[in-house]
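Visitor: Protein sequence lines, in the order shown, are assigned to chains V and U. For the first sequence, counting from 1, position 180 maps to 179 in numbering that gives the first Met the number 0; every step adds exactly one. For the second sequence, counting from 1, position 482 maps to 481 in numbering that gives the first Met the number 0; every step adds exactly one.
Some hints here could point you the wrong way.
[As the list claims (entries may be wrong)] So the derived list for chain U, only partly shown, Cβ under 7 Å to chain V, looks like this:
{"no.": "1", "residue": "Lys93"}
{"no.": "2", "residue": "Ile94"}
{"no.": "3", "residue": "Leu96"}
{"no.": "4", "residue": "Ala97"}
{"no.": "5", "residue": "Gly152"}
{"no.": "6", "residue": "Val272"}
{"no.": "7", "residue": "Asp275"}
{"no.": "8", "residue": "Glu289"}
{"no.": "9", "residue": "Gln293"}
[As the list claims (entries may be wrong)] Derived lysine-lysine pairs resembling BS3-like cross-links, with alpha carbons at most 25 Å apart:
{"no.": "10", "chain 1": "U", "residue 1": "Lys93", "chain 2": "V", "residue 2": "Lys243"}
{"no.": "11", "chain 1": "U", "residue 1": "Lys93", "chain 2": "U", "residue 2": "Lys259"}
{"no.": "12", "chain 1": "V", "residue 1": "Lys130", "chain 2": "V", "residue 2": "Lys212"}
{"no.": "13", "chain 1": "U", "residue 1": "Lys67", "chain 2": "U", "residue 2": "Lys8"}
{"no.": "14", "chain 1": "U", "residue 1": "Lys367", "chain 2": "U", "residue 2": "Lys498"}
{"no.": "15", "chain 1": "V", "residue 1": "Lys131", "chain 2": "V", "residue 2": "Lys195"}
{"no.": "16", "chain 1": "V", "residue 1": "Lys195", "chain 2": "V", "residue 2": "Lys243"}
{"no.": "17", "chain 1": "U", "residue 1": "Lys67", "chain 2": "U", "residue 2": "Lys90"}
{"no.": "18", "chain 1": "V", "residue 1": "Lys130", "chain 2": "U", "residue 2": "Lys259"}
{"no.": "19", "chain 1": "V", "residue 1": "Lys243", "chain 2": "U", "residue 2": "Lys90"}
{"no.": "20", "chain 1": "U", "residue 1": "Lys367", "chain 2": "U", "residue 2": "Lys140"}
{"no.": "21", "chain 1": "U", "residue 1": "Lys208", "chain 2": "V", "residue 2": "Lys131"}
{"no.": "22", "chain 1": "U", "residue 1": "Lys259", "chain 2": "V", "residue 2": "Lys131"}
{"no.": "23", "chain 1": "V", "residue 1": "Lys243", "chain 2": "U", "residue 2": "Lys208"}
{"no.": "24", "chain 1": "U", "residue 1": "Lys305", "chain 2": "U", "residue 2": "Lys140"}
{"no.": "25", "chain 1": "V", "residue 1": "Lys195", "chain 2": "V", "residue 2": "Lys160"}
{"no.": "26", "chain 1": "U", "residue 1": "Lys208", "chain 2": "U", "residue 2": "Lys259"}
{"no.": "27", "chain 1": "U", "residue 1": "Lys90", "chain 2": "U", "residue 2": "Lys8"}
{"no.": "28", "chain 1": "V", "residue 1": "Lys29", "chain 2": "V", "residue 2": "Lys212"}
{"no.": "29", "chain 1": "V", "residue 1": "Lys130", "chain 2": "U", "residue 2": "Lys208"}
{"no.": "30", "chain 1": "V", "residue 1": "Lys131", "chain 2": "V", "residue 2": "Lys212"}
[Unchecked claim] DEER-style ranges, computed between Cβ atoms:
{"no.": "31", "chain 1": "V", "residue 1": "Ala200", "chain 2": "U", "residue 2": "Phe86", "range": "52 to 58 Å"}
{"no.": "32", "chain 1": "V", "residue 1": "Ala76", "chain 2": "U", "residue 2": "Asn375", "range": "55 to 61 Å"}
{"no.": "33", "chain 1": "V", "residue 1": "Ile191", "chain 2": "U", "residue 2": "His352", "range": "55 to 61 Å"}
{"no.": "34", "chain 1": "U", "residue 1": "Arg209", "chain 2": "V", "residue 2": "Ala235", "range": "33 to 39 Å"}
In case anyone wonders, no lab produced these hints; they're calculated from the structure. These figures come from a predicted structure and were not determined experimentally. Using N, Cα and C, we set each Cβ at its ideal position, and we do this for glycine too.
Next come the chains, spelled out residue by residue.
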Amino acid sequence: MTETVTIDAAGLHYTPLNQMIRSAVAAGAKEIVLNNVNGHRFIGNGLRGTDVRLIINGVPGGDLGMFMSGPTCIVHANAEHAPGNTMDAGTIYIHGNAGDAVAHSMRGGEVYVKGDIGYRGGIHMKEYREKKPVLVVGGHARAFLGEYMAGGLLIILGIGKTCPVDERGIGTGIHGGEIYIRGDVPDRHLGIGATKKPFGADERERIRPYIEKYCMEFGITDSSLFEDEYVRIGPASARPFAGKYTWE
Amino acid sequence: MPIGSTPPKFRVRIDQDQCMLCEQCIENCPYGTFRREGNRILVNSRACTGCHRCIAMCPRDAIDLEEKPVAYRSHPIWTREAREAIFNQAKTGKIVLAGMGNVLDVPPIFDRLLLDACQVTNPSIDPLREPMELRTYIGKKPSRVEVTTKPDGDIELLTRLAPNLRCETPIMIGHMSYGAISLNAQLSLARGAAAQGTFMGTGEGGLHKRLYPYQDHMIVQVASGRFGVDIDYLERGAAIEIKIGQGAKPGIGGHLPGEKVDESVSGTRMIPVSSDAISPAPHHDIYSIEDLAQLVRGLKEATEWKKPVFVKIAAVHNVAAIASGIARSSADAVVIDGFRGGTGAAPRVFRDHVGIPIEAAVAAVDEKLRKHGVRNEVSVIASGGIRDSADVTKAIALGADAVYIGTAALISLGCRVCGNCYRGLCPWGIATQRPDLTARLDPDIMWENVSNLINGWTLEIAELMGAAGINSIESLRGNRDRLRGYMLDENLMNVLDVKTVGAGA
Numbered sequence: 000m001t002e003t004v005t006i007d008a009a010g011l012h013y014t015p016l017n018q019m020i021r022s023a024v025a026a027g028a029k030e031i032v033l034n035n036v037n038g039h040r041f042i043g044n045g046l047r048g049t050d051v052r053l054i055i056n057g058v059p060g061g062d063l064g065m066f067m068s069g070p071t072c073i074v075h076a077n078a079e080h081a082p083g084n085t086m087d088a089g090t091i092y093i094h095g096n097a098g099d100a101v102a103h104s105m106r107g108g109e110v111y112v113k114g115d116i117g118y119r120g121g122i123h124m125k126e127y128r129e130k131k132p133v134l135v136v137g138g139h140a141r142a143f144l145g146e147y148m149a150g151g152l153l154i155i156l157g158i159g160k161t162c163p164v165d166e167r168g169i170g171t172g173i174h175g176g177e178i179y180i181r182g183d184v185p186d187r188h189l190g191i192g193a194t195k196k197p198f199g200a201d202e203r204e205r206i207r208p209y210i211e212k213y214c215m216e217f218g219i220t221d222s223s224l225f226e227d228e229y230v231r232i233g234p235a236s237a238r239p240f241a242g243k244y245t246w247e
Numbered sequence: 000m001p002i003g004s005t006p007p008k009f010r011v012r013i014d015q016d017q018c019m020l021c022e023q024c025i026e027n028c029p030y031g032t033f034r035r036e037g038n039r040i041l042v043n044s045r046a047c048t049g050c051h052r053c054i055a056m057c058p059r060d061a062i063d064l065e066e067k068p069v070a071y072r073s074h075p076i077w078t079r080e081a082r083e084a085i086f087n088q089a090k091t092g093k094i095v096l097a098g099m100g101n102v103l104d105v106p107p108i109f110d111r112l113l114l115d116a117c118q119v120t121n122p123s124i125d126p127l128r129e130p131m132e133l134r135t136y137i138g139k140k141p142s143r144v145e146v147t148t149k150p151d152g153d154i155e156l157l158t159r160l161a162p163n164l165r166c167e168t169p170i171m172i173g174h175m176s177y178g179a180i181s182l183n184a185q186l187s188l189a190r191g192a193a194a195q196g197t198f199m200g201t202g203e204g205g206l207h208k209r210l211y212p213y214q215d216h217m218i219v220q221v222a223s224g225r226f227g228v229d230i231d232y233l234e235r236g237a238a239i240e241i242k243i244g245q246g247a248k249p250g251i252g253g254h255l256p257g258e259k260v261d262e263s264v265s266g267t268r269m270i271p272v273s274s275d276a277i278s279p280a281p282h283h284d285i286y287s288i289e290d291l292a293q294l295v296r297g298l299k300e301a302t303e304w305k306k307p308v309f310v311k312i313a314a315v316h317n318v319a320a321i322a323s324g325i326a327r328s329s330a331d332a333v334v335i336d337g338f339r340g341g342t343g344a345a346p347r348v349f350r351d352h353v354g355i356p357i358e359a360a361v362a363a364v365d366e367k368l369r370k371h372g373v374r375n376e377v378s379v380i381a382s383g384g385i386r387d388s389a390d391v392t393k394a395i396a397l398g399a400d401a402v403y404i405g406t407a408a409l410i411s412l413g414c415r416v417c418g419n420c421y422r423g424l425c426p427w428g429i430a431t432q433r434p435d436l437t438a439r440l441d442p443d444i445m446w447e448n449v450s451n452l453i454n455g456w457t458l459e460i461a462e463l464m465g466a467a468g469i470n471s472i473e474s475l476r477g478n479r480d481r482l483r484g485y486m487l488d489e490n491l492m493n494v495l496d497v498k499t500v501g502a503g504a
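Generate coordinates for the entire structure from the input sequences, incorporating the hints supplied.
Guide: Here it is as C-alpha cells:
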C-alpha cells in the first residue's frame with residue numbers, strides 16, 4: 000500500500016465509499032484523495048487515526064467527519080450541513096461555505112470554514128479535560144450561533160461583512176466556552192443566558208493561534224484579523240436554568 | 000401575606016417500648032427525620048418522604064409510618080395536591096419538579112384488558128413439559144428471504160440479514176442514566192440483565208468503564224446532549240438508541256443539575272465537574288423525519304452497519320404517524336414510552352398531563368405500521384408503567400415485540416417509589432451519587448434481585464401463553480383476539496382493536 004490512495008467517488012454510494020476509506024486506512028494509507036465527491040454523506044464518520052488526511056475534491060454531503068477521532072479532512076469546495084457533528088478529535092478545513100449546525104455537539108478537534116456558515120453553528124459544543132473544540136468561520140454565521148454551548152471556542156472573523164452575525168439567538172443557554180466575533184454585534188442579538196465580556200490582551204492571545212491556522216490554510220494575509228477588536232460572548236452563569244425549578 | 004407551612008405528608012411514630020436506641024433510623028434517613036435526645040429518638044415527620052428505609056432497617060419493628068390524613072377542609076376538586084402545588088408556586092414562582100411516574104388517579108387500561116385461556120375445546124399447552132419460545136429478536140426482518148442450493152445440497156441464505164438483538168425474554172431494562180441513578184444501581188441492572196440474556200439501556204449519561212464487562216448487553220443512548228458519545232461508546236454498545244422523547248416529559252429536554260456531576264459522572268458524560276448537563280428539547284440536527292433518517296444512517300455508517308439503531312419517542316397524540324416515519328428512517332426499532340413512564344426529574348405538569356397511555360399508543364402504532372405494510376421492517380418496544388408480567392403479555396398482545404421496564408427494575412433493588420429522586424438523597428442508594436448512600440447498594444448481591452424479577456416474569460409469561468394455547472411469543476404479538484375489554488368504552492376498544500368481554504371468537 001502506498002502512502003497516498005486516490006478514490007474516484009463518482010457514482011459510488013456513501014457506504015462503499017466509506018468502506019474503501021476504512022480499508023485504505025487499515026492498510027496503512029496516510030493520505031486519501033477523494034475525487035468527484037458530490038453530496039456523499041457521512042464521509043469519514045467514526046474514522047480514527049491522527050496521522051490520516053482525507054483530501055476531498057468536491058462537495059461532501061451532511062455529517063462530514065461525524066464522530067471522527069483524529070484524522071484531518073480538507074474540503075476543496077463547500078460542505079453541506081453539520082460537518083464535525085459530535086466529533087471527538089481531528090481537524091476539518093472547508094475551502095468554501097458550510098451549511099447549518101456546523102460543529103454540532105463537537106467535543107474535541109477543530110473545524111475551519113473559509114467562508115460562511117448557516118444556522119446553529121457551534122450549537123451545543125462542549126469540552127472535556129484536554130479536549131477543547133474550536134470552530135473558526137471566515138465569513139458570517141446565521142441565527143442561533145453557539146446555542147447551549149457548554150465549552151470550546153467559536154470564532155467568527157466576518158471577513159468582508161459589516162456585521163458578522165446579524166441575527167438573533169447568539170449563545171442562547173450558553174453555559175460554558177466562549178464566542179468571539181470580530182467587530183461587534185447588537186445586544187439585542189444575544190440569547191438568554193449570554194453576555195458580553197471584556198476582550199483584552201489575554202483573550203487576543205488565546206484566539207491568535209487559531210486565526211493563524213485559518214490564515215495559513217486558506218492563504219489569507221490580513222493583519223486586521225489580529226489587530227481588530229472582537230466582541231467576546233460567554234455565559235452569564237454556569238447554571239443558566241438553575242433558578243427555574245422548585246421541588247414538589 | 001405569608002402562606003405559612005403546609006401539613007406534613009406522613010406521620011412517623013416510634014414505639015419507645017420497642018426501640019433499643021440503636022440509631023439505625025438516624026443513620027439510614029438522609030432527610031433528617033430522626034434525632035436522638037437523651038434516651039429517646041425524636042421524630043420530625045415533616046422531613047419524611049415515605050421512602051420506608053427506616054422501617055426496613057429497624058431491627059425491632061419499632062417504627063410506624065402512615066400517610067397523614069388531610070388536615071385541610073375536604074373538597075373533591077381542590078385536592079391537597081392541587082392546593083399545595085399552588086402554595087408552592089405562589090411562594091417561588093418556579094416550575095415544580097417531580098420524580099417517578101404519573102400520579103394521576105386514572106385507571107391503567109391494562110387493568111381493563113383481560114387475557115384469554117383455553118378450556119376443553121382447544122387444548123392449553125403445559126409449559127412444564129413443552130418448549131415455550133420466548134426468545135425475541137429485536138431489529139429489522141426481511142420481507143422475504145432468498146436461498147440457493149449449493150452443489151453439495153446445503154442451503155445458502157442469499158438475503159443479507161440486518162443485525163438483531165437476541166433477547167432470551169421479551170423483557171428489557173429501559174434507559175436510566177449514570178447521574179440519574181448510581182453506578183451501583185447500573186451495575187446491578189446490567190449484571191441482572193446479562194444473566195437473563197437480555198439488555199439494558201445506558202441512558203444518556205455515557206458508559207462507565209465498570210460497565211464494559213456487560214457492554215454486549217447494553218444499548219447505548221444518543222440524546223440531544225450527546226453526553227459521553229464518541230465512536231468508542233458507539234462501538235461498545237450492542238445497539239444504539241436515539242432518544243427523541245420520554246414518556247414522563249414528552250416534548251422537553253433533560254437537565255442533570257451541576258451539583259450531581261461529580262468527578263466520576265463527569266468522566267462518563269465527558270463534561271467538566273459541576274457543569275450542568277443540559278439536553279435541549281430537540282436534537283439540533285433533527286428537525287424532520289428526513290433529518291432523523293440522516294442521524295440513524297450516520298450512526299450506522301459510523302459503526303459500519305453492525306448495530307441495530309432504535310428510536311425512542313414519547314407516546315403522544317400523533318404517535319402512530321410518527322412511528323410510521325421512524326419505520327422508514329432505517330431505524331430497526333421504535334421505542335414508545337407511555338405517559339406513565341418514570342423519571343428522575345420532570346416538571347410535574349408534564350409528568351402528569353402530557354402524553355397518552357402506552358396501551359393505546361402501542362395498539363395504534365402496530366395498526367398503522369401494518370396498514371402501511373412496514374410492520375415487519377421495524378420492532379416495537381413498549382415502555383412506561385409496565386408493572387408485572389400481565390402488563391408485558393398484554394402489551395405484546397397489543398402489538399409490541401418487547402417491553403422496557405424501569406421503575407419495576409428499581410423496585411427490585413429496593414426502591415419504594417417515594418418520588419424524591421430529583422433530590423439526590425435516595426436512601427436506597429439508587430437515585431443518588433452520595434458515596435455513603437450508593438454504598439448501601441451492593442451490585443454483587445443486588446443483581447440477583449434484578450435477574451430473579453426478570454426470570455419470574457418470564458416464567459409467568461410462559462404460563463400465560465401456555466394457558467392461551469400459544470407456545471411462541473411471535474404468535475402472541477399483535478394477537479388482539481387474546482384480549483377482551485372490560486369496562487372500556489367503545490371508542491377506546493376500537494383504538495385498541497379488542498372486542499368486549501363476552502364476545503366470542
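Visitor: Would you mind marking each hint as holding or not holding in the structure?
Guide: Now the hints, each set against the structure:
| no. | hint | result |
| --- | --- | --- |
| 1 | Lys93 | holds (4 Å) |
| 2 | Ile94 | holds (5 Å) |
| 3 | Leu96 | holds (5 Å) |
| 4 | Ala97 | holds (4 Å) |
| 5 | Gly152 | violated (33 Å) |
| 6 | Val272 | violated (10 Å) |
| 7 | Asp275 | holds (5 Å) |
| 8 | Glu289 | violated (10 Å) |
| 9 | Gln293 | holds (6 Å) |
| 10 | U:Lys93 to V:Lys243 | holds (5 Å) |
| 11 | U:Lys93 to U:Lys259 | holds (20 Å) |
| 12 | V:Lys130 to V:Lys212 | holds (18 Å) |
| 13 | U:Lys67 to U:Lys8 | holds (5 Å) |
| 14 | U:Lys367 to U:Lys498 | holds (19 Å) |
| 15 | V:Lys131 to V:Lys195 | holds (21 Å) |
| 16 | V:Lys195 to V:Lys243 | holds (22 Å) |
| 17 | U:Lys67 to U:Lys90 | holds (23 Å) |
| 18 | V:Lys130 to U:Lys259 | holds (22 Å) |
| 19 | V:Lys243 to U:Lys90 | holds (13 Å) |
| 20 | U:Lys367 to U:Lys140 | holds (18 Å) |
| 21 | U:Lys208 to V:Lys131 | holds (22 Å) |
| 22 | U:Lys259 to V:Lys131 | holds (22 Å) |
| 23 | V:Lys243 to U:Lys208 | violated (34 Å) |
| 24 | U:Lys305 to U:Lys140 | holds (15 Å) |
| 25 | V:Lys195 to V:Lys160 | holds (20 Å) |
| 26 | U:Lys208 to U:Lys259 | holds (19 Å) |
| 27 | U:Lys90 to U:Lys8 | holds (19 Å) |
| 28 | V:Lys29 to V:Lys212 | holds (21 Å) |
| 29 | V:Lys130 to U:Lys208 | holds (19 Å) |
| 30 | V:Lys131 to V:Lys212 | holds (16 Å) |
| 31 | V:Ala200 to U:Phe86: 52 to 58 Å | holds (53 Å) |
| 32 | V:Ala76 to U:Asn375: 55 to 61 Å | violated (41 Å) |
| 33 | V:Ile191 to U:His352: 55 to 61 Å | violated (25 Å) |
| 34 | U:Arg209 to V:Ala235: 33 to 39 Å | holds (37 Å) |
Against the hints set out earlier in the document, violations occur for numbers 5, 6, 8, 23, 32 and 33.
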